[in-house]
Amino acid sequence: MRGLANSAIEKALARGATYADARVMDIRHRDVSTKNGQVGRAAEAESLGIGLRVIAHGAWGFASTDRLSRQGIEACAAEAVAIAKASAMAKRHDVVLAPEQSYIDTWQNPFIKDPFRIPIETQIAVLLRADAEMRKVKGVTLAEGSMSFRKIEQLFVSSIGSVIHQVKMQSGAGIVATSFAGEEIQKRSYPNSFGGQHMLRGYELIEELDLVGHAPRVAEECVALHSAAPCPEGQRTIILDSSQLGLQIHESIGHPIELDRVLGMEANFAGMSFLTLDKLNSLRYGSDIVNVVADARLAHGPGLGTFGYDDEGVPAQCTPIISDGLFTGYLTNRETAAAIGQSRSNGTMRTESWNRLPIIRMTNISILPGDRKFDDLIASTDDGIYMETNRSWSIDDRRYHFQFSTEIGWEIKNGKRGRMIKTPSYSGITTEFWNSCDAICSRDYWTLWGTPNCGKGQPMQTMGTGHGASPARFRNVKVGIALSK
Amino acid sequence: MAKQSKTRTGKRASAKTPRRGHAVAMEHRLGPAELRRIAEKIFKLSEADETEVDVSAVTSALTRFANNTIHQNVAEQGLTISVRAVVDGRTARASTNKTDDESLRRVTAAALDLARVQPRNPELLPMLGQQKLTKVDRFVTQTAAATPADRARAVTSVCHMADKNKQTTAGIFSTGLAEIALANSRGLFEYYDDTRAEFSVTILEKDSSGWAKATSSRVNDIDPEALARRASEKSVASRAPREIPAARYTTILEPAAVLDLVGFLFYDFAATCVADQRSCFTGRMGRKLFGDNISIWDDVYHPLQLGPPFDGEGVPRKKVALVERGVPANLVYSRASATKTNAKPTGHGFSLPSEDGEAPFNLVFAGGNTSTEEMIRSTERGLLITRLWYIREVDPYQKILTGMTRDGTFLVENGRVTGAVRNFRFNQSIIEMLSNVEMLGPAVRASGEESFDMVVPAMKIRDFHFSEVTKF
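Chains as they are written, first to last, in the working numbering: chain A, 1 to 485; chain B, 1 to 472.
Read the hints as simulated data drawn from the structure, not as lab findings.
Each residue gets a CB set at the ideal place from its N, CA and C atoms; glycine is no exception.
Be aware that a few hints might be false.
[Claimed, not checked] Partner residues aside, some chain A positions facing chain B, computed with beta carbon under 8 Å: (1) A86; (2) S87; (3) A90; (4) R92; (5) D278.
[As the list claims (entries may be wrong)] Computed spacing ranges between beta-carbons, pair by pair: (6) M285(B) / A229(A): 26 to 36 Å; (7) D221(B) / K138(A): 53 to 63 Å; (8) G307(B) / T462(A): 15 to 25 Å; (9) A181(A) / A240(B): 14 to 24 Å; (10) K166(B) / S343(A): 27 to 37 Å; (11) G37(A) / T341(B): 14 to 24 Å; (12) V96(A) / V117(B): 52 to 62 Å; (13) D383(A) / A240(B): 56 to 66 Å; (14) V117(B) / G16(A): 50 to 60 Å; (15) E204(A) / A240(B): 56 to 66 Å; (16) G89(B) / D383(A): 51 to 61 Å; (17) V117(B) / R284(A): 37 to 47 Å; (18) M460(A) / A343(B): 51 to 61 Å.
[Claimed, not checked] Only pairs whose alpha carbons sit at most 25 Å apart, straight line, appear in this in silico SDA-like list of lysine to any residue: (19) K478(A) / F472(B); (20) K422(A) / R284(B); (21) K344(B) / R186(B); (22) K206(B) / F274(A); (23) K279(A) / E205(B); (24) K41(B) / I27(A); (25) K319(B) / F452(B).
Construct the entire structure; sequences and hints are all you get.
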């Protein structure tokens, strides 16, 4: 790997690049799924290649290839430099990077059980057992389960002298029960929707999830939703479970703090951000109890945004994003940090694969725990709705206005959890919502959720991000508008 | 101008425009003979009862601009070899992008090893033999031969236009080629290649924006400056947006906005989706669901469509009438779903193994003959929508979608556009929407960001449901 990367850097410099970095990535996948008692997918895949990013004539170029011969590397380097020179035709100023040291290091996330050493038939058997448990419940019309595993080995080499070897092992799994009755399709997922829970861990995560043990409850709740009450319309107190709060953080904090978005670089596709530069250290983003960090360090937990170094060779860091309600930090890279006069990148450049350019991505964007017990939160709520597990999500292209719905809700009356509510939804304006937060549960209820499917960039890149959250309460939130007439 | 080597680029390489250089996609084209050679290597290595090989090669480049400058400029080239093994009624798949002999041996063995430990699938069908395909020609040499400098020149021109207009622009210009070959040990070999060019542009001002986009297999069909002018005019027209209340409005959706909504229907037309009872057509086939003016086909052979004329198992694609005058009439089938329901496969199956079955990817809507200008003239009070954003499904059976308007939302009063309005959130049933279509424009190849490209018309829709307003 190292010889290839060094060679790419040397060839690029020889062709006129003033800076170059290369990522050789060897990615292995395993995906298994079941549906109604049968195996759906059983597939393994591997992908090895190199991506080379250069600055030449003061502008960026990037090329990638899976032809790892001497000629292939040389052609890739030539292409990257030729592209940079073409970029220079429309440049307004030379690219400037915030300074960074060089590092020679290795990093690997800890795990106990290598999921690729667990026989695939064992994994299928777990899913089929959970599937059978779900289909035992009358009214379940579709039972699905999935597991996915990724091993990403990568070597980063740069012309400033960094040589960084990292290995990331990622595991994830989830089950879903669906029920069609009358004119309604209801769905219940565990431990989260859209693929379940994903972390930088080994197969021990899957064992801890106990998919089979949770399958009957998931199925029963799914069927019961048909006879649940509809979500009322109006202003209500809501309590979000930690997985839904994780997605709320992702959409209404994680994306707007991306500095490339703020500076207009994503304007054509992913959009921009309401967090213009004047708002740094002045905007009251949330109430005083809201504290949010972007933390890629292992100390934060084995999330999908955890690493040793980002994909331009900057060490993992913890950046305060919201401090006692005040907006205090963006996600930056070396170029955007320099653009706004910051002395250093906070290390958020990430790439999906060897054939994609690293771009600013969320790491682990987490709300820090509060001090409340969950039961106390319910007991101190007179009239509200507790909402669990995301069902749909949408937010405008500047990240002001959002609407979410969840799979299930529970009415709260006079401090007690009451009847079930189907397809609960809520909507609002980002800063108004976060300023309405008046209680956050403690570390005992805090989970570092993985969102494996975050899309950004052109060409589109899918990235895993982490979001730690514990259940939290929000006052005076608009509910029920998603299904209003 | 040098000619391309025949062995690398095949017959089309002798066409007029190819240029040499590592940054030209054409240089990386492998051709059917090379893909067949890889497949045959796998067949020799395989010990499975049956073996299928899917080889795909992609070479593409994308020039990305923002703030009136190129800020990202990338190229990729890659090959994927995917092997499906069948042994004793069991099947599984393994893939690699490594082409050395050892890696090919390993991926072939991996597919077989994975298959051996699967439960037996009594519904698994034997692989197909050679099929007769209808030829489509979607490879355009000029597109494959585009250089970074070609893209940069076009982008520079758009950036200069924005500078001149005191506007800010962002967007992409991409070109590339894709090849796929599907072969199996029963003698099937199918090959398809195409080229793709895409230009998407957003023009921004202090409180407004406009957008335009086009895709084609022919780079020469794309006029970046014309698209940028359109986005620029929309940005000017959408200055100083005022807030009007969310409500049900008569709404004129431009084709890109129609596309991104109706694209959410595509999997509902899959026989497997209906059998799984998660389609909005479950229990509704053959019943009037939409207006008389709604007819939908899946037609890979339509001149404005792209894509291979065969499916994941090699079945030739058929043109399928999905909705006829408002009535859901037919579904698409893989071989497996057709067998289960006594239907005929339509050539829409996914590569196996797949729990999802099949889907139509070449939707074509019947158009009308009303121009967008006529739709505006006929509207007493309503909205004109350029583009939608972040669309998600709220209710899968009533097909209620939520999302936002973006980059050009206008108020229409007394037959003319009277100004811009702040962007809305909508919560709208697609079933209801397609029952309320008052006028249709000509069907065009449309491109958005939420769905794959389709052939759809602009639509004037009665009582489109906007539920909330955002801040800009």
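Verification of the hints:
no. : hint                          : in the structure
1   : A86                           : holds, 4 Å
2   : S87                           : holds, 4 Å
3   : A90                           : holds, 4 Å
4   : R92                           : holds, 5 Å
5   : D278                          : violated, 14 Å
6   : M285(B) / A229(A): 26 to 36 Å : holds, 31 Å
7   : D221(B) / K138(A): 53 to 63 Å : holds, 56 Å
8   : G307(B) / T462(A): 15 to 25 Å : holds, 22 Å
9   : A181(A) / A240(B): 14 to 24 Å : violated, 50 Å
10  : K166(B) / S343(A): 27 to 37 Å : holds, 33 Å
11  : G37(A) / T341(B): 14 to 24 Å  : holds, 19 Å
12  : V96(A) / V117(B): 52 to 62 Å  : holds, 55 Å
13  : D383(A) / A240(B): 56 to 66 Å : violated, 41 Å
14  : V117(B) / G16(A): 50 to 60 Å  : holds, 53 Å
15  : E204(A) / A240(B): 56 to 66 Å : holds, 58 Å
16  : G89(B) / D383(A): 51 to 61 Å  : holds, 58 Å
17  : V117(B) / R284(A): 37 to 47 Å : violated, 57 Å
18  : M460(A) / A343(B): 51 to 61 Å : violated, 34 Å
19  : K478(A) / F472(B)             : holds, 20 Å
20  : K422(A) / R284(B)             : holds, 24 Å
21  : K344(B) / R186(B)             : holds, 21 Å
22  : K206(B) / F274(A)             : holds, 13 Å
23  : K279(A) / E205(B)             : holds, 20 Å
24  : K41(B) / I27(A)               : holds, 24 Å
25  : K319(B) / F452(B)             : holds, 18 Å
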